Structure formats: C-alpha cells, structure tokens
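With numbering that gives the first Met the number 0, the residue at position 225 of the sequence shown is 224, and numbering never jumps.
Any given hint could turn out to be false.
Only pairs whose alpha carbons sit at most 20 angstroms apart, straight line, appear in this in silico DMTMM-like list of lysine to aspartate or glutamate [stated by the list, open to error]: (1) Lys243 x Glu281; (2) Lys95 x Glu247; (3) Lys235 x Asp204; (4) Lys109 x Glu49; (5) Lys172 x Asp96; (6) Lys34 x Glu68; (7) Lys34 x Glu174; (8) Lys235 x Glu131; (9) Lys91 x Glu62; (10) Lys286 x Glu133; (11) Lys286 x Asp96; (12) Lys235 x Glu254; (13) Lys222 x Asp96; (14) Lys172 x Asp66; (15) Lys74 x Glu168; (16) Lys109 x Asp205; (17) Lys109 x Glu123; (18) Lys74 x Glu133; (19) Lys28 x Glu62; (20) Lys222 x Glu281; (21) Lys172 x Glu254; (22) Lys286 x Asp121; (23) Lys235 x Glu174; (24) Lys91 x Asp66; (25) Lys28 x Glu131; (26) Lys243 x Glu62.
Simulated restraints, written as ranges between beta carbons of each label pair [claimed, not checked]: (27) Lys28 x Ser251: 21 to 29 angstroms; (28) Met277 x Leu30: 15 to 23 angstroms; (29) Ala185 x Lys286: 34 to 42 angstroms; (30) Arg269 x Asn149: 44 to 52 angstroms; (31) Tyr31 x Asn266: 46 to 54 angstroms; (32) Glu246 x Tyr45: 27 to 35 angstroms.
Bear in mind the hints are in silico, worked out from the structure with no lab data behind them. For clarity, every value in this text was computed on a predicted model and none was experimentally measured. The beta-carbon is built from N, C-alpha and C at its ideal position, and this holds for glycine as well.
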Amino acid sequence: MSEEKQVGADKLRKQYEPQKSKPLRFNTKVLYAGKLQRAKQWSGNYHVHEFLEVVFVLQGSGEILIDGEYVNVEKGDIVIYPPNTRHSEHTKQESKDPLELAFFGVTGLKLNNLEPDRLLPDGESPVVHTGEDEGRFRWLFETVFSEVENSKPYGEMMVDLYVKLILTEILRKVEVEERTLIKNAAFSEIYNYIVNHYTEINTIDDICEKLYVNRYYVSHVFKKYTGVSPMNYVTKCRMTLAKKLLEETNLSASEISRRCGYFDTTNFFRNFKNNEKMTPLEYRESKKKRK
C-alpha cells in the first residue's frame, strides 16, 4: 500500500508499507568473522565445520574444493559452506590476482524444510554470483569485519544484525524464500514446474496442461504467493539465464535466445530491453568494462 500526499506548495510526501510476507526468524549467533589477505598460490587446508560458514571473494579468482568437487570462484562471488561439508579454497596457478576473502561462521539458523544451519536447499550451487549487487554485499562483509576487528560499542549486536541482513539478501538473491518458506502444496507444484521448465513454457496453457489445472487457478495461486503472474515469472527466469550466459560465455545473442526458450530472436531482444533497459550485447559490454 502506498500513499502520496501534497505537503506545502512544493513538497510531495511519499509513504509506503512494507510488502507483507511470512516472516523469517533468525535465532542466529555469529561465531567469528575475518579476512584472509592476499596470499600468492595460497591453498587452504581441507577441513569441516559443524556450523554454517559464508565466504565473500573480495579480490582475485580461484577454486573451491567442496565435498570432492572443484568449483570456480571469482571476485564478487559468495560461497556457502553448509555444516559438516569438507572444503578448501586455493588460487589458480594461472591467476594474476590471488584470492582475498572475507568470511563469517554462524549457527542457530533454521528455515522451514531445511536442516539446522542450512541456508540453501539440496542441489543448489554453493556459489552465488552477486552480479550488480556486488558492491552492496562487499560493504556488508567489510562492515562485519570492521565491527569485530575494532571492538566497537554494541559490536555484537551490530554484527548480528549485519549477518542477518547478509543471509536475507542471499535468500532474496537466489529466490529461496518461495521454495522453502511458503508451505502450500499447490503453489509448490506450480512453482517447481516453472523453475524446471521455464525454457519450454510459452503460454500459461503449457503449465495447465502439464499439471491438469485451469488457467484461473494457476494465475491466482501463483500471484498470491509471489506477487507476479506465472508468465512474468517465466520471463524473469529466462532473463536471469540470459544474463548469466552473456556474462560467462561468448555465445551469440541468437544462441542465447534459443537456450532461453526464445525461437524468435526479436522477441528475446524486446523482452531483454524491457527488463534491463539495454540490449543483450550492451549488457555484455557493460559487464566487461566492470571487470
């Protein structure tokens, strides 16, 4: 709900209420926070924790080894280590910039349908690409470290608040909330189908036919829990994939269009520009300039 009110001759007051959602309650405790300064060809010991550890790549690039699998990381990435997960990090031999990391350990986290101290569902990548939100996450991690390093007044309270904010921002970034915190079987079925098949969905009828439900029901249930229509969410998923492919590959715009489910490249370009206010190629160039 929003309200605009004229205040005096030349001022306009804007007032909004927060969007209502099922609340998250984090009864968390921050165990530590720190930084690993640049170290050439540094390699961490393969180790394990009984709590959640969250790492932000401040600088450089490298690899993480998590439960026996190697995953590439670079500046701006966040790495989520669940409890009892063996892991280590190291700078690649060919990397010009060695890894520099900020990190914290936290316990007491409990989300619906997840084991204690787990932030992401099984099957999710442990690496979160922050993209255009890199600056915001960097500030938050730097602030957490500053608070613990300098033992500022009310430091424990501030660190707790900032860490809760980071965890919530990660949930928002990877859109976990809709899958794990909303207990509605009908919504979950619709949502999961869209997430797993968005490149194949061209109309709302495609969803209805697969799930044997009518158009009104799909639209009503989905919008109730997400605030957007099913087809708008399909577009959002496609745009997220398109941006990832533009940033991480050299594929042509037409090939990316096809992989995102658009067989009409013109439609892909139009939707991309409507959402990002620039063409796919302009988006790719903008990301290259930031690196």
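Structure-based check of all given hints:
1. Lys243 x Glu281: holds (14 angstroms)
2. Lys95 x Glu247: At roughly 19 angstroms apart (the allowed maximum being 20 angstroms), Glu247 and Lys95 satisfy the hint.
3. Lys235 x Asp204: holds (18 angstroms)
4. Lys109 x Glu49: Distance of about 14 angstroms is within 20 angstroms: holds.
5. Lys172 x Asp96: violated (26 angstroms)
6. Lys34 x Glu68: Violated, because 24 angstroms separates the two Cα atoms, which is more than 20 angstroms.
7. Lys34 x Glu174: violated (27 angstroms)
8. Lys235 x Glu131: Distance of about 16 angstroms is within 20 angstroms: holds.
9. Lys91 x Glu62: holds (7 angstroms)
10. Lys286 x Glu133: holds (12 angstroms)
11. Lys286 x Asp96: holds (19 angstroms)
12. Lys235 x Glu254: Distance of about 18 angstroms is within 20 angstroms: holds.
13. Lys222 x Asp96: Distance of about 45 angstroms is beyond 20 angstroms: violated.
14. Lys172 x Asp66: The hint is violated at about 24 angstroms.
15. Lys74 x Glu168: With Cα atoms ~18 angstroms apart, Lys74 and Glu168 stay inside 20 angstroms; holds.
16. Lys109 x Asp205: violated (36 angstroms)
17. Lys109 x Glu123: Holds, at about 17 angstroms.
18. Lys74 x Glu133: holds (9 angstroms)
19. Lys28 x Glu62: violated (28 angstroms)
20. Lys222 x Glu281: violated (32 angstroms)
21. Lys172 x Glu254: violated (26 angstroms)
22. Lys286 x Asp121: violated (30 angstroms)
23. Lys235 x Glu174: holds (11 angstroms)
24. Lys91 x Asp66: Holds, because 19 angstroms separates the two Cα atoms, which is no more than 20 angstroms.
25. Lys28 x Glu131: violated (29 angstroms)
26. Lys243 x Glu62: Distance ~19 angstroms between Lys243 and Glu62 Cα, so the pair holds.
27. Lys28 x Ser251: 21 to 29 angstroms: Since the Cβ atoms of Lys28 and Ser251 sit about 49 angstroms apart, the hinted range of 21 to 29 angstroms is violated.
28. Met277 x Leu30: 15 to 23 angstroms: violated (42 angstroms)
29. Ala185 x Lys286: 34 to 42 angstroms: holds (38 angstroms)
30. Arg269 x Asn149: 44 to 52 angstroms: holds (51 angstroms)
31. Tyr31 x Asn266: 46 to 54 angstroms: holds (50 angstroms)
32. Glu246 x Tyr45: 27 to 35 angstroms: Distance hint for Glu246, Tyr45 holds at roughly 30 angstroms.
The structure fails hints 5, 6, 7, 13, 14, 16, 19, 20, 21, 22, 25, 27, 28 (numbered hints given earlier, in ascending order).
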